[in-house]
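J.: What follows is each chain in one-letter form.
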Amino acid sequence: DTEVIQTPKHLVMGMTNKKSLKCEQHMGHRAMYWYKQKAKKPPELMFVYSYEKLSINESVPSRFSPECPNSSLLNLHLHALQPEDSALYLCASGQIDLTDTQYFGPGTRLTVL
Amino acid sequence: AQRVTQPEKLLSVFKGAPVELKCNYSYSGSPELFWYVQYSRQRLQLLLRHISRESIKGFTADLNKGETSFHLKKPFAQEEDSAMYYCAPQGGKLIFGQGTELSVKP
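Line order of the protein sequences matches chains A and B. For the first sequence, the residue numbers in the numbering used here are 1 to 113. For the second sequence, the residue numbers in the numbering used here are 1 to 106.
What the hints contain is simulated information worked out from the structure, not anything from laboratory work. Where a beta carbon is used, it is the ideal one built from N, C-alpha and C, also for glycine. Hints are supplied without guarantee of correctness; some may be wrong.
Claimed, not checked - Have a look at the derived ranges for each label pair, beta carbon to beta carbon:
| id | chain 1 | residue 1 | chain 2 | residue 2 | range |
| --- | --- | --- | --- | --- | --- |
| 1 | A | 17 | B | 65 | 45 to 53 Å |
| 2 | A | 22 | B | 17 | 37 to 45 Å |
| 3 | B | 40 | A | 7 | 30 to 38 Å |
| 4 | A | 54 | B | 55 | 25 to 33 Å |
To be verified - Below are the DSBU-like pairs computed for lysine-lysine, each with C-alpha atoms no more than 35 Å apart in a straight line:
| id | chain 1 | residue 1 | chain 2 | residue 2 |
| --- | --- | --- | --- | --- |
| 5 | B | 105 | A | 22 |
| 6 | B | 57 | A | 36 |
| 7 | A | 22 | B | 65 |
| 8 | A | 40 | B | 105 |
| 9 | B | 15 | A | 53 |
| 10 | B | 73 | A | 53 |
| 11 | B | 105 | B | 22 |
| 12 | A | 36 | B | 15 |
| 13 | A | 38 | B | 105 |
| 14 | A | 41 | B | 9 |
| 15 | A | 9 | B | 65 |
| 16 | A | 40 | B | 22 |
| 17 | A | 40 | B | 15 |
| 18 | A | 40 | B | 9 |
| 19 | B | 73 | A | 18 |
| 20 | B | 65 | B | 15 |
| 21 | B | 15 | A | 22 |
| 22 | B | 57 | A | 38 |
| 23 | B | 105 | A | 53 |
| 24 | B | 22 | A | 36 |
To be verified - Simulated coverage check for chain A against chain B, where a stretch passes if three residues somewhere in it have a Cβ under 8 Å from a Cβ of chain B:
| id | region |
| --- | --- |
| 25 | 37-43 |
| 26 | 96-109 |
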């Protein structure tokens, strides 16, 4: 399997809801990433996990909580989001070396009402 | 500070014309340099990376360390090249340029 899988494809949530985004890869990659992408803008790095440990947190608000249960899975838990958090959330994976190619999932389109 | 600049937000050319998408970067150390492409309704994917020195879909990119540039070029643009292109230096910091939307008209 050479793809990064993200679920769900679309998510609509209220500001008081709790939801989770899921990401899965079976390429043996030991680095996994969360990005946020607004329309017609580049991806903005949120978190990096290396060997299931959080290695980079780009000063993301605590209403976003990442989790890496094992080397193949990455979750992003969402709670008390704001409408401005509406965006496409991308997961990516790659080799442990940050200079290596990243493989992106199709993204989850999140709408916060 | 780490910075990457893609000066053209939109580049429109006719089919068969040459195309050059510019990328300039300011980055401490020696980053690895990538071009990623995002076709309409498709996932972001690697187009090419400097270290492999490949030509993918007719595109090449030349690293100029003196000018700190990594421009993407193709001699004859095709309609299917229409997409969003991002320059991305990667090292201790992962950053993407603002992107250039390439539109190839018939």
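J.: Which numbered hints are broken by the structure, listed smallest first?
T.: 3, 4, 5, 7, 9, 10, 15, 19, 21 and 23
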